[in-house]
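Construct the entire structure; sequences and hints are all you get.
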Amino acid sequence: MARVSTPARSRVLRRRETKSAYMFLLPSLVFFLAFVIVPMVLCVYTSFFDSTMGKETRDVFIGFGNYIELFRDSVFLRALKNTIIIVVVSVPITCIFSLWISSAIYQMPGKLLSFFRIVFYLPVITGSVAVTVVWKWMFNNYYGIFNYLGTQTGLISQRINWLGDERYALGCIILILLTTSVGQPIVLYVSALGNVDSSLIEAAEVDGATDLQVFWKIKWPNIMPTTLYILIITTINSFQCFALIQLLTSGGPNHSTDTVMYYIYYTAFKLYRYGYGNAMGVVLAIFIAVLSAIQFRLGREK
Amino acid sequence: MDTRRHGVHHLSAYRIFCLVVLFILAFLFLFPLYWIVTGAFKTAQEVNSVTPVWWPQQWTMANFQKLMSRQSAPLWEIHLPFSSGLTKDGSSLILSAGPVLPAAVRWLINTVFMSLMAMILTCVTATMAGYALAKKRFAGQTILFALIVAAMALPKQVITIPLIREMSNLKLYNTIWAVIFPTVGWPFGVFLMRQFSETVPQEMLEAARIDGASEARTFTQIVVPMVKPGIGALAIFTFIQNWNDYFMQLIMLSSTNNLTISLGIAKLQAENSTDFGLIMAGAALASVPILIVFLVFQKYFTQGIAMGAVKG
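Top line first, the protein sequences correspond to chains S and C. If you count by my numbering, then the first sequence holds residues 1 to 302, one letter each, in order. If you count by my numbering, then the second sequence holds residues 1 to 312, one letter each, in order.
Treat each hint with caution, since some may be false.
Said to hold, decoys possible - Anything over 12 Å on all C-beta distances counts as not near chain C; from chain S, calculated: (1) 75; (2) 127; (3) 211.
Stated by the list, open to error - Covered stretches of chain S (in silico footprint by chain C; criterion: 3 or more residues with CB under 8 Å from a CB of chain C, positions within the stretch not fixed): (4) 60 to 74; (5) 77 to 85; (6) 109 to 118; (7) 160 to 173; (8) 213 to 223.
Hints listed in this document are in silico derivations from the structure and should not be mistaken for laboratory results. From the three backbone atoms N, C-alpha and C, an ideal C-beta is built for every residue, glycine too.
Okay, here's the thing in structure tokens:
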């Protein structure tokens, strides 16, 4: 937008434009500042205090005390490890799975395409609570269909207490998380693949390129921005995994399914240690920011 | 759309394999929903049978009756935000009306009200702000945009601890507004609407200005009609997002009258962890309405999130 005008006139215009811009921004800014920016600042601020409900003196400044405690807290470290496992397992699977589904469906006739798109989006729509309670039933030791099918087909020799067994609980959580996280990537990939210039693909096919070559040389570079976006949102979502944990296992058995998000909730709203909870929040935020930045870098380089 | 460019003419073995796998996966993704809806109509024996009952032998309403008979609440009850100055004891004004109904109905009404309110407020504020960010040049623009992008990349839940104190200071804690306001403030909508507003041609805005149209008129007559697809996508997105934002609801709401349907089922589950029939009835009540909303508006939705991301 190049605008040629004399400096004096432009300043008057500029000021008028600023004024009118803020008139439009005002309603949104009020909410954004009051309920996003202020709490963010407070979150960082409170993380330097011992702010615990029920104590005599509220809010004692302890510097990095909460952060130091954090990295000695074995429950937190376990929660961090679990969170990283969830992210490392679920993010690549989500991306590859949704890319495969999208490649398989994006050229289908409209009706079939929207059928598949809706079906894979269903768990997002029905909401974490409804999804979680039905999975809890399906994983149930006595009345669940997994144990029934497993024992009937001979895959498992005896009933497994899926959610109550340290060896399986986290795996079950990840499985449910996967079903709720592929919906949006599929919608995004279908539209990105549809936008790839079809003349390029046709030209390559005329030249005798295989499907695989077409994918790697033409489609993949073209959908790179979408992949990047999907990587980042999936990472953020996986880090925030909470409802599943709270409703299915409450972090148990023996902290094997504790995630940072759940531990923050537990610390702040069960133990009422706000300062400590906020410190965890800050660490989580830094983690996510660093990961997003790395993903962004890697994506840009390619 | 150039569908079936490759499709029909070489239906290779690989393509048939894909189709089979896709249908199996689709079945697996549909199954939980099927299990909720049929489970809600099964008798206690069928629900608690070790051998699964795949199809209810006799459809029963017992689970729904149980769900409806648990607690009750007035049909309509709304806290006026920021009204504490108006009352003598400093508590919020509460308007309530209507007959006493089962609490589950109230939860559903709360959820609908919450999602609708958040949707309307978000759409209005985000469309205005998105337009200003895309089409106007003003002091502080770069900083504001950087703040918005940074905030979007952060996990929303991290800010809930300070938020809860803020809400109690504002006397909004344990009212539906404590869930609504932070979602309205969340900058995703502004970001999305900025992308859509970019598509409005600058010449049209200039022409309107030369014709002497006021700012408000330019916005409502030219910008809004052009970014309508964006507004539609944002509306449905916010609605679903709010309906399912369990974490925020859990933190901010506690009294029985104020619960949302998600919290209601979570509560049912905590209190009767093995009465799966009752819990499935609650889950059906929570998921079927939102599912219908989605199916009705899904065209705008899939178009919208794809468009927003492509431009982003």
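Evaluated hints:
no.	hint	result
1	75	18 Å, holds
2	127	4 Å, violated
3	211	8 Å, violated
4	60 to 74	violated (count 0)
5	77 to 85	violated (count 0)
6	109 to 118	holds (count 8)
7	160 to 173	violated (count 0)
8	213 to 223	violated (count 0)
The earlier numbered hints that this structure contradicts are 2, 3, 4, 5, 7, 8.
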